[in-house]
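Here the structure of chain A is known, so what remains is to put chain B in place on it, guided by the hints.
Okay, here's what each chain looks like letter by letter:
2 protein chains.
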Amino acid sequence: MADFVAEQINKLATEDEDFVDPWTVTGKSETGIDYEKLIKKFGSSKIDEELIQRFEKVTGKKAHHFLRRGIFFSHRDLHTILTLHENGKKFYLYTGRGPSSESMHIGHMIPFMFTKWLQDVFNVPLIIQLTDDEKVLWRDLKIEDARKMAYNNAKDIIAVGFDVENTFIFNDLDFIGQCPAFYQNMVRIQKCVTFNQVKGIFGFGDSDVIGKITFPSVEAAPAFSTSFPFIFDNKVVPCLVPCAIDQDPYFRMTRDVAARLKMPKPALIHSTFLPALQGAQQKMSASDPNASIFLNDSPKQIKTKINKFAFSGGQATVDEHRLKGGNTDVDISFKYLTFFLEDDDRLAEIKQEYESGVMLTGELKREAVEIISPWIQAYQQRRAKVTDEVVESFFKIRPIKL
Amino acid sequence: MADFVAEQINKLATEDEDFVDPWTVTGKSETGIDYEKLIKKFGSSKIDEELIQRFEKVTGKKAHHFLRRGIFFSHRDLHTILTLHENGKKFYLYTGRGPSSESMHIGHMIPFMFTKWLQDVFNVPLIIQLTDDEKVLWRDLKIEDARKMAYNNAKDIIAVGFDVENTFIFNDLDFIGQCPAFYQNMVRIQKCVTFNQVKGIFGFGDSDVIGKITFPSVEAAPAFSTSFPFIFDNKVVPCLVPCAIDQDPYFRMTRDVAARLKMPKPALIHSTFLPALQGAQQKMSASDPNASIFLNDSPKQIKTKINKFAFSGGQATVDEHRLKGGNTDVDISFKYLTFFLEDDDRLAEIKQEYESGVMLTGELKREAVEIISPWIQAYQQRRAKVTDEVVESFFKIRPIKL
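Taken in sequence, the protein lines are chains A and B. Under the working numbering, the first residue of the first sequence is numbered 132, with each subsequent residue one higher. Under the working numbering, the first residue of the second sequence is numbered 132, with each subsequent residue one higher.
No wet-lab data here; the hints were simulated from the structure. Among the clues, some could well be false.
Any copy will do: because identical chains look the same in the list, a pair fits if it lies in one copy or spans two.
Derived DSS-like pairs (lysine-lysine); straight-line CA-CA distance at most 27 Å [stated by the list, open to error]: (1) Lys273 with Lys396; (2) Lys516 with Lys172; (3) Lys393 with Lys159; (4) Lys279 with Lys393; (5) Lys279 with Lys188; (6) Lys366 with Lys273.
Bound-form chain A, shown alone:
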């Protein structure tokens, strides 16, 4: 299975098609990654209308617009999680982030916004891993700097609105050395996975450092509740992982390992990527400031960036645009509205107006600015309240509400 996936990824790369792995995401088309194809390649399942309906029925809540609009588009075993919930059984959520020195951007928020919503809907514990060790291994970065980045990124994440009552956040470089059960699970996982397998799944080679080769065990361990005895009291509790689709290789591996360890396989729910300002071939990336809207950008910066850089689906002249209409499949301002404008009716209206040529590109950009800018301002207000004391309360090794 793993080798098959790697083969497919290599085939994709050489065939000049989309490429998606934990380190590289590149689409070949102006409309972005072909996510339908990715589902087939990765062997996950599509989130279809029927699943969304079941979701609404089981939870009694209207599906999040990320679900309704295919932003979370793929899953593994989500039905199992819904059945657990139906039967009054608990599960937990696990997600994470590889901390970076740059300020986080709005694309980073997508999985966390959705995770918060899932946590509110299901009322379950959430564990967030910050893989600062990964960053040390992959980048020219010192341990001390990676730990600081993790700490600062935690502030950005907490500002999404997580509740300290049922959320535990940790960074690997500090936490692994404080939890014997976690290291013991790492060893259990490391015993189930060969170099051949990580070579197949992640494309590691002989000249990769041994830290990279073993790192998948670190990202896998939090998917097992026994890694957190202070929370789950050594009980086996199933896990749902909301994440961007590029992290799926880690959890394909984890699911294989789970079967061998006789533990429940983590379920998954996968998001698409928020595209870069320049166009949907690239995901938003913190390393290119002109491609991203950062969480600490001012309203003026946001306005300038969208006006200046957001790739437009409009026509070359106003006359031509009025005649032919714009293309929402490639227009980045419109794509951002699908992520940040909750009102379905208003979104449909904008789509219709832009595609018919009634709405001009400048007007569409203004719509995007007027949705994103207040969202970021509200976020910044929450962020200002995240003191060191607040961070420490999330990092504290403690029982949390189950």
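For chain B alone, coordinates are given in the frame of chain A:
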């Protein structure tokens, strides 16, 4: 360098010569491993008369008979350690053991006996690592069982006579999850070593599990004082590792890593192996009860084993033996006397008498029994006093005397 060593080892194996790595030790000759050759192959230095004299001068103590008789025969940077001591600077000792379920045998005691002596001579702290994670990764063994084995083996080790005042003992599966600095050093090490390198040094292959591939970082970490902030307060203190020569590959790697991390390279002092009862081609092995004298054997068992199994250098008949004399180069009872009989004059006498045919094989065996049996009885008396409370005092994460 690493590749060169691996090449040499492979060459040795195919050339039908001695083979020594952390998992296999086999000599081709009745006289045992050719240690002189091993020094050349591994690139270490011989402990020669000059070094022993300097050792005695610097320490003001008579060299241990393990040094005088070439049982500790090879080293790396021992001169540096002696210079440190001359200048009143501190270093620390680090040694370890891969715990096993079987009772420990007298061969296992050699590095520990010598380590205790070194500790007494230099008055320095000692750290002992029990690699229970290694055993989980290499054997069909559960985490829980490996931890128990480590705990029981610790009792056997403590009974050598270590002082809780300046000795810290830990097992990986419990300690790594209690010391963030240790895991952080593991990551630093894992970042410096590629799969190609561990392939070269340890012979790992593509079908090995990732836990084995990364394990060398776990054995390397204790060679850096910063892994133990509760002992060394984050100060950089040099390290001397007494170990059997088969562990040298780990420390060749560690020394390469040390250079990259700008940390002092660990110095090494290497022992030969105590041969199996059946002959010097094999080291004593816990998996073969008839090849080994265990620490919990009774005087009767010891007598029976030596009489029945100890390979003899004597001649076929008494008459022939009186005429030609015995061969102490291959006689296992005599070899054991070189390890356990401290009196140089008596040893020389026995050698002369046996080689001249004055002493018969049965008499030589009796000499061995009469040395080993009381040694083990004294050991067993100390072992009986090692309660759980004593073990826990050694395992406690705490400052120790520097």
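How the hints compare with the structure:
1. When the C-alpha separation of lysine 273 and lysine 396 is checked against a cutoff of 27 Å, the pair qualifies only between copies, where the shortest distance is 21 Å, while the shortest distance within a copy is 34 Å.
2. Taking the closest pair of Cα atoms, lysine 516 and lysine 172 never come within 27 Å of each other, the shortest separation being 43 Å inside a single copy and 63 Å across copies.
3. Neither within a single protomer nor between protomers do lysine 393 and lysine 159 lie at most 27 Å apart by alpha-carbon distance, with minima of 40 Å and 45 Å respectively.
4. In this homomeric assembly, lysine 279 and lysine 393 come within 27 Å of each other (Cα to Cα) only across copies, at 23 Å, whereas the closest approach inside a single copy is 37 Å.
5. Proximity of lysine 279 to lysine 188 under the C-alpha cut-off of 27 Å is found in neither arrangement, the shortest distances being 43 Å within a copy and 50 Å between copies.
6. Taking CA atoms no more than 27 Å apart as the test, lysine 366 paired with lysine 273 passes between copies only; the shortest distance there is 18 Å, against 36 Å inside one copy.
The structure shown violates the earlier hints numbered 2, 3 and 5.
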